[in-house]
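From these two lone chains plus the hints, build me the complex, please.
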Amino acid sequence: MTHTLTADSIQLEFGMSSILSDIYIQCRTGKITGLLGRNGQGKTCLMRIVYGDLPCSSRSIRFDDTVVSQPYRRPDLVRYLPQFNFIPPSLTLKRVFTDFNLEFNELENIFPEFRPSWRSRIKDLSGGERRLINIYIIARSPSRFILLDEPFSHLSPLQIEKIKALLTEEKQNKGILITDHLYQDILDISDKLYVLSNGGTRPAKGTEDLETFGYIRAS
Amino acid sequence: MKFPAVIRLLLTFYKSFFFFSFLITLACALLFWEYGPHIFKVLLWLKTATLYLTFYFIRSYRQKEFYYYRNLGIRDFMLWSLTLGFDGCLFIFFIILTHWWRS
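Those protein sequence lines, which keep their order, are chains L and R.
Using numbering that gives the first Met the number 0, read the first sequence as starting at 0 and increasing by one per residue.
Using numbering that gives the first Met the number 0, read the second sequence as starting at 0 and increasing by one per residue.
Mixed in with the good hints there might be a few duds.
[Said to hold, decoys possible] Pairs of lysine to any residue residues, derived as SDA-like cross-links and limited to a Cα-Cα distance of at most 25 Å, are as follows:
| no. | chain 1 | residue 1 | chain 2 | residue 2 |
| --- | --- | --- | --- | --- |
| 1 | R | LYS63 | L | PHE151 |
| 2 | L | LYS93 | L | ILE109 |
| 3 | L | LYS122 | R | PHE17 |
| 4 | L | LYS93 | R | PHE54 |
| 5 | R | LYS1 | L | GLN82 |
| 6 | R | LYS14 | L | PHE83 |
| 7 | L | LYS122 | R | LEU10 |
| 8 | L | LYS122 | R | ARG58 |
| 9 | R | LYS1 | L | LYS163 |
| 10 | R | LYS63 | L | ARG73 |
| 11 | R | LYS63 | L | LEU166 |
| 12 | R | LYS63 | L | ARG120 |
| 13 | R | LYS63 | L | LEU90 |
| 14 | L | LYS122 | R | GLY84 |
| 15 | R | LYS1 | L | GLN69 |
| 16 | R | LYS1 | L | PHE85 |
| 17 | R | LYS14 | L | THR91 |
| 18 | R | LYS1 | L | CYS55 |
| 19 | R | LYS63 | L | GLU168 |
| 20 | L | LYS163 | L | HIS180 |
| 21 | L | LYS122 | R | LEU89 |
| 22 | L | LYS122 | R | ILE6 |
| 23 | R | LYS63 | L | VAL95 |
| 24 | L | LYS170 | R | GLY72 |
| 25 | L | LYS30 | L | ASP52 |
| 26 | L | LYS30 | L | GLU168 |
[Claimed, not checked] Covered by chain L, per the in silico footprint, the following chain R stretches (three or more residues, Cβ under 8 Å):
| no. | stretch |
| --- | --- |
| 27 | 46-55 |
| 28 | 67-73 |
[Claimed, not checked] Chain R is nowhere near these chain L residues, computed Cβ spacing over 10 Å in every case:
| no. | residue |
| --- | --- |
| 29 | SER68 |
| 30 | PHE103 |
| 31 | SER140 |
| 32 | LEU209 |
No lab work stands behind these hints: they were computed from the structure.
Using N, Cα and C, we set each Cβ at its ideal position, and we do this for glycine too.
Chain R with its partners taken away, still in its complex shape (with noise of 0.2 Å):
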């Protein structure tokens, strides 16, 4: 399968929890705000529990839909490690934004 057609379809998997995810990240970035860099390890927390509340919530109500992937020969793990590590990336980038303009 040719590269943009695999960045195509993890595009597809992340939109299906992109808003709830973002919606946190905002909410994390809002909290950082307010409080200053001392809630960080807070922060690093309840988003890794909304991310593994994401992970379960998937893997347990749509995991009929991982045999599209499979099919088109996008492994499991491939589709959570670069959706979740990417998502993990945008948090981080927000909380660094955050913190540029506070200061």
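Extracted from the complex, chain L is given alone in its bound form (with noise of 0.2 Å):
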């Protein structure tokens, strides 16, 4: 069944300073939707706006033309990567895999780097590992939509191509929205792909759009 998550309305202040005013979001299942922008363009308070964990004084978000006025307490609607881990240091992986109901092998066949490390604690993890559990639990639990914000920080090339692939496997039973700065592996997997840019969001097709909006350089 196909569920859509739409934003708009959003206005989010601080101060004087208006941060985000223009801002129409649409989100789809089985559609992976980029979101790119300069440093400071509200990517991430966007982000946790969607989610609803950032006060604002003006949003509507939608889930099948539903307003949700505080998502976050839905994790069956929506769940949310944050730009840092998150995963409680002292937890073991055994611990992480049982709260959020997930099969430890499944991970083990896409990473068979972590084969030892059931009983290893998340502090005992390298930080690129830390990385990639705390993507894998939030792409693989089921939830209609998610939202990930910078994935991709602390990885490597070999395990962004493969959280590539899970997005793209992943998407077939949710909607995807992601924001990170190696725009050419968010235009890789993406279907729809938005700039923010002066506190509104521009629907964008590729690069060419990404230099009229100012995000990258024209060649």
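Right under this line is the structure:
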């Protein structure tokens, strides 16, 4: 079944300066929606507003045309990967996979390097491995939509390729909104693309549009 | 999410400040043993103040970990109210126990 997540009418101000004002984003099951923008344009703020844990003066977040005021209370609707690692470092991988009701052997199949780590604590993993586990549990957990904020940071090129394949597989069951500065990787997997510029979202198609909106420099 | 899984998550969160909080409770029980019921008000304020400090430090320094619980459907309010409520009950229990032993 196809589901739709729509975010618009968003107004976010910090003091006198308006950060977000002209926003329209739509995500659908089966599609990866990319969100690009220069630093400080409000990508993380927008993600958190869609997730519902950042208050703002106005917003409309709709799941299948039904307004949900606090989506973060509904992990069946949406889960959020912040740009930092959020799993408590003292937990073991076994415990994390139990909490999220996921199969560890499925992780082993994609990333065999985790085979001996079943009982390891998160704090004993390397930075890249920690990030990988954070992304994996959000990507794999059942939910209609997932919001991924800079998932590729700290990952090696090989790991990024595997995560891209995982997300492409997962989009069959869910809608994905993703933002990262590795724009080429975002372009590779996105079915739909928005650029966040001057407080608003602009639909984009490829690198030419990214140049037009000032996200990358024209060569 | 199933009930035992919620309890397990609440316990994990409670473990992050249990040691410090339990030390304060034991210290309060010891003071109660020494000076009697007339200092109960002072001990109650001491316990409340340390619980507020715990709340402040965890909110400031372990804020990132709240996304773990949110992604599992546990709201911040639920985490705090149940764990601090339980800790408060533990404090009252130890004070009553001390009073019972003393008399």
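message: Of the numbered hints stated earlier in the document, which are not met by this structure?
response: The structure breaks hints 4, 5, 9, 14, 18, 19, 21, 27 and 31; every other hint is satisfied.
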